[in-house]
Amino acid sequence: AQSVTQLDSQVPVFEEAPVELRCNYSSSVSVYLFWYVQYPNQGLQLLLKYLSGSTLVKGINGFEAEFNKSQTSFHLRKPSVHISDTAEYFCAVTGIGGSQGNLIFGKGTKLSVKP
Amino acid sequence: SQTIHQWPATLVQPVGSPLSLECTVEGTSNPNLYWYRQAAGRGLQLLFYSVGIGQISSEVPQNLSASRPQDRQFILSSKKLLLSDSGFYLCAWSVYRERNTIYFGEGSWLTVV
Chain A
472 AQSVTQLDSQ
482 VPVFEEAPVE
492 LRCNYSSSVS
502 VYLFWYVQYP
512 NQGLQLLLKY
522 LSGSTLVKGI
532 NGFEAEFNKS
542 QTSFHLRKPS
552 VHISDTAEYF
562 CAVTGIGGSQ
572 GNLIFGKGTK
582 LSVKP
Chain B
-11 SQTIHQWPAT
-1 LVQPVGSPLS
9 LECTVEGTSN
19 PNLYWYRQAA
29 GRGLQLLFYS
39 VGIGQISSEV
49 PQNLSASRPQ
59 DRQFILSSKK
69 LLLSDSGFYL
79 CAWSVYRERN
89 TIYFGEGSWL
99 TVV
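Line by line, the protein sequences are chains A and B. Read in order, the letters of the first sequence correspond to residues 472 to 586 in the numbering used here. Read in order, the letters of the second sequence correspond to residues -11 to 101 in the numbering used here.
These are computed hints drawn from the structure, not numbers from a lab. Note that this is a predicted model, so its numbers are computed, not measured. Misleading hints may appear alongside valid ones.
Quick look at which bits of chain B chain A covers, simulated, 3 or more residues with Cβ under 8 Å [said to hold, decoys possible]:
#1 31 to 39
#2 88 to 101
Computed spacing ranges between beta-carbons, pair by pair [claimed, not checked]:
#3 S551/A with S45/B: 39 to 47 Å
#4 P6/B with G533/A: 43 to 51 Å
#5 Q(-10)/B with R548/A: 34 to 42 Å
#6 Q1/B with S523/A: 42 to 50 Å
Every residue gets a Cβ at the ideal spot worked out from N, C-alpha and C, and that includes glycine.
Go ahead and model the full structure; you've got the sequences and the hints to work with.
Written as structure tokens, this is what we have:
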């Protein structure tokens, strides 16, 4: 079984500052990793995913994440945030070869970008 | 490109009343379909998934049921709603070649009063 821990429930930052949203996972098998973003009262939008290959993954809206197998982490970063990045961000993991739709989600990190 | 439509967007229902949430996917055939629930402070929970017409798997026992009458249609139902059924319900899909990647609809807010 897999589990996901998002270490910060809320992250306030000022506009144009860098941000890192932390995600750690545990799994007894190899995994695929995902970050989703949820704007208020909307569904989840896929930001980026790690399936294999390069451990640095680039996504939409200028976000990137780095898979670190030894530290079982998949932290999300953006060098300069905008007001429009204010949203809730979810890290998710699924074990390779696992049952359909078995995405395990973290509890989310609310990013608040202030002017 | 593929799109997913989910309705109604918002629903307020009394305890004991029935529920029907519908979801359709366009632009793809034979998708895997999913219903998730997002309750306040509890993250996302997979409720049902379907790999084909009439094929439903339930992940958690509950007061809800799901049906897939057509290839790209997925319905979430209840005969009698409970207060604890309140939450944000999300339909989602994936395709065979990308089974590991799930795409979500806009969601439906259900408030049971």
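| Quick one: are S551/A and S45/B within 39 to 47 Å, going by C-beta? | holds (43 Å)
| message | At least three residues with a C-beta closer than 8 Å to a C-beta of chain A: is that true for the region 88 to 101 of chain B? | response | holds (count 9)
| message | The hint says 34 to 42 Å between Q(-10)/B and R548/A; measuring C-beta to C-beta, is that right? | response | violated (29 Å)
| Consistency of beta-carbon spacing, G533/A to P6/B, with hint 43 to 51 Å | Holds: the Cβ-Cβ distance is about 45 Å, inside 43 to 51 Å.
| request: Could you say whether the range 42 to 50 Å given as a hint is met by the Cβ separation of Q1/B and S523/A? | output: Holds, since Q1/B and S523/A (Cβ atoms, about 44 Å apart) stay within the stated range.
| query | With a cut-off of 8 Å between beta carbons, are at least three residues of the region 31 to 39 of chain B near chain A? | reply | holds (count 5)
Going down the numbered hints, you'll see the structure goes against just number 5.
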